[in-house]
Structures are given as C-alpha cells and as structure tokens.
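For the record, the sequence lines run as chains A and B.
Residue 41 in my numbering sits at position 41 of the first sequence; the count goes up by one each step and never skips.
Residue 1096 in my numbering sits at position 96 of the second sequence; the count goes up by one each step and never skips.
Worth flagging that the hints you see were computed from the coordinates, not collected in a lab.
Here the structure is a predicted model, which means the values were calculated and not measured.
Careful: at least some of the hints might be erroneous.
What follows is a set of in silico ranges between Cβ atoms, one per label pair, in the way DEER data are often shown [to be verified]:
id	chain 1	residue 1	chain 2	residue 2	range
1	B	1036	A	1	47 to 55 Å
2	B	1129	A	1	23 to 31 Å
3	B	1088	A	31	36 to 44 Å
4	B	1052	A	19	39 to 47 Å
5	B	1091	A	1	35 to 43 Å
To be clear about the criterion: a stretch of chain B counts as covered by chain A if any three or more of its residues have a C-beta under 8 Å from a C-beta of chain A, and this derived list gives those stretches [unchecked claim]:
id	region
6	1007–1015
7	1086–1097
8	1118–1132
Ideal Cβ placement from N, Cα and C applies to all residues, glycine included.
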Amino acid sequence: MAQIKIRFAKDGSSKIETTGFTGTSCQSASEFIEKALGHSAEDEKTAEFYKETDTHTHLNVDESNE
Amino acid sequence: MSHTATINIDVKDPQVVRKTAERLGYEVTEGECQMYDGTRATGIQVRLPGWRYPVVVDTEASWEETLSDGTTVTRKGRVYSDNYNGSWGDQKFMDEFTQIYGVEKASQEASMAGYTCSEAIVLHPETGAEEIELTINMPGSDLGGDNGGLNLGGGGLTVE
Chain A
1 MAQIKIRFAK DGSSKIETTG FTGTSCQSAS EFIEKALGHS AEDEKTAEFY KETDTHTHLN
61 VDESNE
Chain B
1001 MSHTATINID VKDPQVVRKT AERLGYEVTE GECQMYDGTR ATGIQVRLPG WRYPVVVDTE
1061 ASWEETLSDG TTVTRKGRVY SDNYNGSWGD QKFMDEFTQI YGVEKASQEA SMAGYTCSEA
1121 IVLHPETGAE EIELTINMPG SDLGGDNGGL NLGGGGLTVE
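The shape of chain A in the complex, shown without the other chains (with noise of 0.2 Å):
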C-alpha cells in the first residue's frame, strides 16, 4: 500500500517519506501535506526520482514564519 511516512523532531524539523508509489506519481502524493504544512523552501531529485518505484524524503529544518 502507498503511504506516506512524516517524522516530526523535537526540535521542531521534519522529514516526509512516501513509500509504494509508481514512477513520479510519490510527488503529487506528498503535495497536499506539504502546502498544508508550510511552503517547500528547497527541493532536489536524485537519478533515483525517474525510478518506478521511488522513495522521497522532504526535510524540516526551519519551523518558524519569523
């Protein structure tokens, strides 16, 4: 089953992985949960995003609006 996967730290960051997906259909998945989460502020794919079955992994490192 597809899934996405959000680990929140205590120290305020976070990183989302999405699991089960097919070709690049894991980015329009974690969509919804990351702009109603905030705003992405850096993005980056690696050779491994074109797979057909893929593994992403968003990062939290600043939580605050100030």
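Model the placement of chain B on the given structure of chain A, informed by the hints.
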C-alpha cells in the same frame, strides 16, 4: 532516496493551533498583546511554560516572501514571539509546539482527504532521539500516472 525538500511549516491554522495547545495543556486566549519592542500583535495567544510573553498567532496577517528563483509569493499567517534568545523562555517549548502543530495539521489534512493515519513514537536512526512518526495510508494511490490515482478531496487546498 530520490527526492528531498526543505519545508518551512507555517503555523497559522487557528483550529489546529487551539488543538495543539489543548494537547500540550497550554492556555489559549485571543486578543491583542504588546511585545517588549512595542509590537502589537493580535490573534490567538498561547502561553508556553516559563515564557514571559505569549506566542501570538495572527492568522489574518499576510506577508510577501521572495523565493530563491526570484519570484514573490504572498503567505498568510504570522507568528509573533519574543524569548530574548532564551532568556525569557526556553526555545524547546516553541519547537515542541511546532512539532505537535505539524502532527495535528498533517493528521487533519489526511483525514479531510479521506485517508487513515496513525501516530507512533520512533527513534531517530542516528541520534536515538524520540520523534513522532505519522503514517498516512493511501490505498489506491500506487497505480501510477501523473497524480498516482490520488483522490485529493479538498484537504490539500486550504493553504495558499
């Protein structure tokens, strides 16, 4: 790992702010507050343990941010806080508030989109520090295609 992104969490959803404060046992009020530097902030006020001034979440404030590619976007929500670099309040309480806000906000959005989710305490693989892991189950989303067969509902459309 095939994709990494850095995301700044915007604490601005009033319902989730209240829910977060309730979960942590913090007092919540609404109104105007004057900070040390004279700034007057209006909105939801959360009293963090040991903090001299409340954290004020103005959910109506809007502000502009210039992105790395030069484009400018308008954001909503602004957090006012003043702990004088830790002298007037331990930063860990604000970090924890942001952590729980993130958990509650993600849970809410997943639920609104029709997905089930579960919460667990896990250990960071390198530091051993406790973290909260939220797992969102998305049956039928592993079918491929541009949107992966997702039913996004309206849950992800509440943020500018």
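Against the structure, the hints:
1. 1036/B with 1/A: 47 to 55 Å: 50 Å Cβ-Cβ, so the 47 to 55 Å window holds.
2. 1129/B with 1/A: 23 to 31 Å: Distance hint for residue 1129/B, residue 1/A holds at roughly 28 Å.
3. 1088/B with 31/A: 36 to 44 Å: Holds, since residue 1088/B and residue 31/A (Cβ atoms, about 38 Å apart) stay within the stated range.
4. 1052/B with 19/A: 39 to 47 Å: 44 Å, holds
5. 1091/B with 1/A: 35 to 43 Å: 38 Å, holds
6. 1007–1015: holds (count 6)
7. 1086–1097: holds (count 4)
8. 1118–1132: holds (count 6)
Of the numbered hints listed earlier, not one is contradicted by the structure.
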